[in-house]
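Could you put the whole structure together from the sequences, leaning on the hints where they help?
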Amino acid sequence: RIHRPTLATLFPTRTGFCFLMDIGANTDWKPIYLQQFAVMGSIYAETVLHMPDPRVGLVSIGEEEGKGTIEVREAYELIKATPGLNFVGNVEGKDIPAGKADVVITDGFTGNVIIKLSEGVASLIAATLREEITSRKLAMAGALLVKPALTAVSNKLDYAEYGGAVLLGLNHVCIVGHGRSNQRAVRSAIRVARDAVQADVVGKIRQGLASQPANLNATESE
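Just so you know, we're using the numbering used here here: the sequence shown kicks off at 35 and counts up by one.
Treat the hints loosely; a few may be bogus.
With beta-carbon atoms standing in for the labels, derived distance ranges [what the hints assert, rightly or not]: (1) D87 <-> A175: 43 to 49 Å; (2) R221 <-> T168: 27 to 33 Å; (3) I104 <-> M174: 32 to 38 Å; (4) L163 <-> G237: 44 to 50 Å; (5) D87 <-> S169: 47 to 53 Å; (6) I224 <-> G154: 35 to 41 Å; (7) L163 <-> R240: 41 to 47 Å.
Under the rule of at most 25 Å between Cα atoms (straight-line distance), these lysine to any residue pairs were calculated in the SDA-like manner [what the hints assert, rightly or not]: (8) K101 <-> D62; (9) K114 <-> L83; (10) K101 <-> L151; (11) K181 <-> G50; (12) K64 <-> N205; (13) K171 <-> E153; (14) K238 <-> P39; (15) K181 <-> S157; (16) K64 <-> N120; (17) K238 <-> I209; (18) K64 <-> L204; (19) K238 <-> F121; (20) K150 <-> C208; (21) K101 <-> F121; (22) K150 <-> L83.
Hint data in this document are derived by calculation from the structure and do not stem from the laboratory.
All C-beta atoms, glycine included, are put in the ideal place defined by N, C-alpha and C.
Take a look at the structure:
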């Protein structure tokens, strides 16, 4: 039994990208939710994103096992005890773009802050670069030389490249588009949905959770 669906998205890193969840579906949460998110995220990463034995990390304020709130520490113990997960422990905010985990687990409030802050920082860097380049003739000449590299960086940070967020934990594949989605973003979202359907990710998540210990599938009251 899935307690709560989770909203997940690709997040750019130095090594490629990671799969970050939850990014806003659950602002109120329990540790067992994060345990289920870890299982669902690991299955998605392996079957759809083709990440063999994906590394699962839990967002906290320190790498040590005892760091974080009571709920985060409890979630740590639950995820650590979950069979079949390649759990690498806690990851700090700086570890996410560094690529220290393939699947990054957090609650919806924290995940949404991470996403929105990252978008703001990316916009700030882009605007600052434009201002500096256009204000100096020498910089404008140099920009022509590095234009291919700047374009590659821009594409990697562009939400349209990733299509949208995946809502895992439902009976069907569901992609949630960005509020500013353009044609390219919609096209990418359709591609993501197609890949998820072809990989039968819903069925694999159902099988994966069914094979877990009874406590992971118990009702919340239990």
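Comparing the hints with the structure gives:
no., hint, result
1, D87 <-> A175: 43 to 49 Å, "holds, 47 Å"
2, R221 <-> T168: 27 to 33 Å, "holds, 31 Å"
3, I104 <-> M174: 32 to 38 Å, "violated, 54 Å"
4, L163 <-> G237: 44 to 50 Å, "holds, 45 Å"
5, D87 <-> S169: 47 to 53 Å, "holds, 48 Å"
6, I224 <-> G154: 35 to 41 Å, "violated, 28 Å"
7, L163 <-> R240: 41 to 47 Å, "holds, 46 Å"
8, K101 <-> D62, "holds, 20 Å"
9, K114 <-> L83, "holds, 23 Å"
10, K101 <-> L151, "holds, 22 Å"
11, K181 <-> G50, "holds, 20 Å"
12, K64 <-> N205, "holds, 22 Å"
13, K171 <-> E153, "violated, 29 Å"
14, K238 <-> P39, "holds, 15 Å"
15, K181 <-> S157, "holds, 18 Å"
16, K64 <-> N120, "holds, 21 Å"
17, K238 <-> I209, "holds, 17 Å"
18, K64 <-> L204, "holds, 19 Å"
19, K238 <-> F121, "holds, 19 Å"
20, K150 <-> C208, "holds, 21 Å"
21, K101 <-> F121, "holds, 16 Å"
22, K150 <-> L83, "holds, 23 Å"
Of the hints listed earlier, those the structure fails to meet are numbers 3, 6 and 13, in rising order.
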